[in-house]
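K.L.:
Now for the letters of each chain:
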Amino acid sequence: MEYTEEMDRPGGIVGWLGTNLGRLVVALFVPVVTFIVLWRVFIFLRDTNAPQWLTAIVAIVWGVGGVMALFVVANFAIEQLGGRWKAHLTPYVFVGPAVAVLAWYLAIPTLRSFYTSLYGPEGNNFVGLANYVYAFTSDAMLESFRNNLIWLFVGTGLSVGVGLLVAVLADRTHPRFETVIKAFIFMPMAISMVGASVIFKFMYTFRPPGADQIGLLNGVLTGLGGEPRAWLLMQPWNTLLLIAILVWLQTGYAMVIISAAIKGVPSELLEAGRIDGATEVQAFFNITIPYIQGTLVTVSTTIILFTLKIFDIVQSMTGGNFGTQVIANEQYSQMFRAFHFGRSAAIAIVLLLVVVPVMWYNLRQFAEQTEAF
Amino acid sequence: MSGTRDSLSAKILVYGVLVILAIVWTTPTIGLLASSFRPEDDVSSTGWWTIFNDLSEADVSLDNYRIVLGVGLDDPDVQAKVRRGAENIQLFDAVLNSLTVAIPATAIPILIAAFAAYGFAWIQFPGRRALFIAVVALLVVPLQIALIPILKDYLRLDLGGTFLGIWLAHTGFGLPLAVYLLYNYISTLPRDIFESAFIDGASHFTIFTRLILPLSVPALASFAIFQFVWVWNDLLVALVFLSANPEVEVLTQRLLGMLGTFGTDWHLLTAGAFISMIFPLVIFFSLQRYFVRGLLAGSVKG
Numbered sequence: 000m001e002y003t004e005e006m007d008r009p010g011g012i013v014g015w016l017g018t019n020l021g022r023l024v025v026a027l028f029v030p031v032v033t034f035i036v037l038w039r040v041f042i043f044l045r046d047t048n049a050p051q052w053l054t055a056i057v058a059i060v061w062g063v064g065g066v067m068a069l070f071v072v073a074n075f076a077i078e079q080l081g082g083r084w085k086a087h088l089t090p091y092v093f094v095g096p097a098v099a100v101l102a103w104y105l106a107i108p109t110l111r112s113f114y115t116s117l118y119g120p121e122g123n124n125f126v127g128l129a130n131y132v133y134a135f136t137s138d139a140m141l142e143s144f145r146n147n148l149i150w151l152f153v154g155t156g157l158s159v160g161v162g163l164l165v166a167v168l169a170d171r172t173h174p175r176f177e178t179v180i181k182a183f184i185f186m187p188m189a190i191s192m193v194g195a196s197v198i199f200k201f202m203y204t205f206r207p208p209g210a211d212q213i214g215l216l217n218g219v220l221t222g223l224g225g226e227p228r229a230w231l232l233m234q235p236w237n238t239l240l241l242i243a244i245l246v247w248l249q250t251g252y253a254m255v256i257i258s259a260a261i262k263g264v265p266s267e268l269l270e271a272g273r274i275d276g277a278t279e280v281q282a283f284f285n286i287t288i289p290y291i292q293g294t295l296v297t298v299s300t301t302i303i304l305f306t307l308k309i310f311d312i313v314q315s316m317t318g319g320n321f322g323t324q325v326i327a328n329e330q331y332s333q334m335f336r337a338f339h340f341g342r343s344a345a346i347a348i349v350l351l352l353v354v355v356p357v358m359w360y361n362l363r364q365f366a367e368q369t370e371a372f
Numbered sequence: 000m001s002g003t004r005d006s007l008s009a010k011i012l013v014y015g016v017l018v019i020l021a022i023v024w025t026t027p028t029i030g031l032l033a034s035s036f037r038p039e040d041d042v043s044s045t046g047w048w049t050i051f052n053d054l055s056e057a058d059v060s061l062d063n064y065r066i067v068l069g070v071g072l073d074d075p076d077v078q079a080k081v082r083r084g085a086e087n088i089q090l091f092d093a094v095l096n097s098l099t100v101a102i103p104a105t106a107i108p109i110l111i112a113a114f115a116a117y118g119f120a121w122i123q124f125p126g127r128r129a130l131f132i133a134v135v136a137l138l139v140v141p142l143q144i145a146l147i148p149i150l151k152d153y154l155r156l157d158l159g160g161t162f163l164g165i166w167l168a169h170t171g172f173g174l175p176l177a178v179y180l181l182y183n184y185i186s187t188l189p190r191d192i193f194e195s196a197f198i199d200g201a202s203h204f205t206i207f208t209r210l211i212l213p214l215s216v217p218a219l220a221s222f223a224i225f226q227f228v229w230v231w232n233d234l235l236v237a238l239v240f241l242s243a244n245p246e247v248e249v250l251t252q253r254l255l256g257m258l259g260t261f262g263t264d265w266h267l268l269t270a271g272a273f274i275s276m277i278f279p280l281v282i283f284f285s286l287q288r289y290f291v292r293g294l295l296a297g298s299v300k301g
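Heads up: the sequence lines are chains A and B, in that order. Going letter by letter, the first sequence gives residues 0 to 372 in numbering that gives the first Met the number 0. Going letter by letter, the second sequence gives residues 0 to 301 in numbering that gives the first Met the number 0.
Note that these hints are calculated values from the structure, not bench results. Check the hints yourself; a few may be wrong.
[Said to hold, decoys possible] In silico lysine-lysine, DSBU-like type, Cα no more than 30 Å apart, as pairs:
(1) B:K300 / B:K151
(2) B:K300 / A:K262
(3) B:K151 / A:K262
Given only the sequences and the hints, what does the whole structure look like? Please build it.
P.N.:
What follows is the structure in structure tokens.
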């Protein structure tokens with residue numbers, strides 16, 4: 000299409016419309032048709048009784064193809080408009096969808112959740128700060144705060160501690176052995192927390208004394224001559240047994256990051272220390288640890304965030320019963336068991352306030368420490 | 000560092016500790032895998048480790064998998080082993096649902112984020128910097144904050160229990176990280192690429208689709224793996240936005256349900272859990288480098 004000065008002249012909009020009405024119609028018509036077609040397919044998908052594999056394929060093609068089509072069509076539309084309009088609108092074709100989705104799904108909900116948190120269960124009677132009083136004084140929430148603190152200290156401490164141990168020791172072994180060992184420790188990162196919960200619930204299974212134990216933990220215990228226990232009912236130790244799952248999952252993460260940092264410690268530095276008579280242990284604590292301090296902080300804050308938002312493990316293992324409640328699970332319970340949206344929203348706000356400072360610090364560290372790819 | 004300085008005893012200690020840790024870390028998964036092949040009576044009466052006493056005598060089959068997947072139930076041998084409504088578990092449907100959720104919930108945010116990352120990195124427009132900072136700042140918001148407002152919207156729009164609803168939710172929750180990571184990558188591509196293309200008269204759209212997307216494949220792949228595994232393993236978002244319609248339940252939801260309904264049927268639970276682990280494990284073992292990179296880059300996801 001030819002670009003002309005005339006088209007862009009501010010006063011020429013009417014004249015421009017006259018000569019370009021066709022273009023404008025096309026520019027609007029094509030997106031509208033695309034949208035209607037996509038919507039029809041959505042209705043079809045929602046109401047269809049077609050075999051499931053067929054629905055799955057159609058849905059995937061429709062979803063991925065639909066988003067591509069929307070971008071292509073939006074671009075087509077502004078190409079039709081041409082000239083200055085095109086230049087003005089291009090950036091919004093690129094960043095518009097992301098900004099719109101984020102506004103709908105994250106930015107505005109923060110305000111809406113705060114609003115909801117001031118209302119009662121049905122969302123229609125203003126209750127002031129009553130939901131926050133619940134969030135800070137109810138037994139369930141006090142129990143949650145206590146447990147989240149245990150998760151934070153024990154879970155993060157053990158994940159980072161064992162990750163550091165493996166990273167340091169593996170660094171002293173043959174490279175091929177190191178790769179294999181790291182793969183073994185990292186592998187649980189692929190497993191969902193629900194899947195991991197099934198694995199560990201099986202390990203903690205209890206059979207009455209005298210019967211053959213089928214859970215590994217009680218199997219080992221009775222093998223050593225002890226009495227089997229119903230581990231998940233034992234307060235307060237059951238929280239520690241749930242934390243073991245987190246440690247199992249997250250140690251691999253800590254190990255990989257710390258390992259990369261350890262390999263960055265200059266060998267001259269360590270050599271110099273050894274010449275000065277430092278033992279390996281002294282060299283580790285006085286040279287390696289200070290050198291990788293920043294990395295240890297990043298890894299710790301990342302896992303702390305994970306523990307603050309922990310949900311899946313508690314939901315699958317105990318449902319928050321037997322003294323194992325945590326903040327995110329209590330928020331879920333208020334939403335879907337008690338149907339008290341106000342309280343649930345208030346707890347979400349509390350979670351936000353707890354997470355934001357850690358996350359902020361974590362992101363600043365993250366930006367300093369790593370080139371993402 | 001090199002291991003040459005270590006004495007022999009130190010070496011044995013180092014290797015010994017690592018081997019023990021690797022065994023401890025792997026044993027839970029082996030217990031799960033072993034149990035998933037054993038018949039119900041064996042699983043509920045003896046420990047899974049007893050099959051290693053005499054492997055040639057071990058009674059193993061794929062029957063538990065056939066029962067939980069709901070395939071080949073016509074086989075009388077399998078049918079005889081179905082108890083307490085286990086024929087309704089039908090995990091095969093849940094596998095299809097998980098794929099139907101996870102593939103678009105990976106592709107859509109990547110596409111939208113790549114466009115946005117390019118826009119923020121290479122197109123001049125008013126408010127660009129402020130808008131970009133706002134997008135990245137949303138990384139600090141935990142997704143719990145959005146559950147109730149979005150659930151209300153979905154009730155009104157009739158999007159609860161639909162694939163579109165959960166794709167959009169995962170897109171929203173994944174976008175800040177995706178934009179941030181892809182921006183870091185795309186903004187560091189050499190300027191010359193763009194300039195020569197512009198001189199040839201190419202539009203932003205052409206440059207993006209023909210040049211930038213192909214050049215960004217490493218970054219896109221790492222994020223794709225992270226997002227796919229995240230969505231595949233997600234429980235909370237699925238519980239909140241898919242529970243309205245049992246027909247679209249994904250694997251993690253179904254597994255949670257099984258923990259309630261079949262809580263003592265370990266032969267079924269172990270098979271079900273292993274089915275849910277297959278895809279991520281295959282990705283882990285086949286694309287290990289991308290997998291590790293993706294998971295590390297994604298670790299800050301809110």
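K.L.:
Does K262 of chain A lie within 30 Å of K300 of chain B when you go C-alpha to C-alpha?
P.N.:
holds (26 Å)
K.L.:
Quick one, are K300 of chain B and K151 of chain B close enough, alpha carbons at most 30 Å?
P.N.:
holds (24 Å)
K.L.:
Please work out if K151 of chain B and K262 of chain A have their alpha carbons no farther apart than 30 Å.
P.N.:
violated (50 Å)
Consistency with the previously given hints fails for number 3 only.
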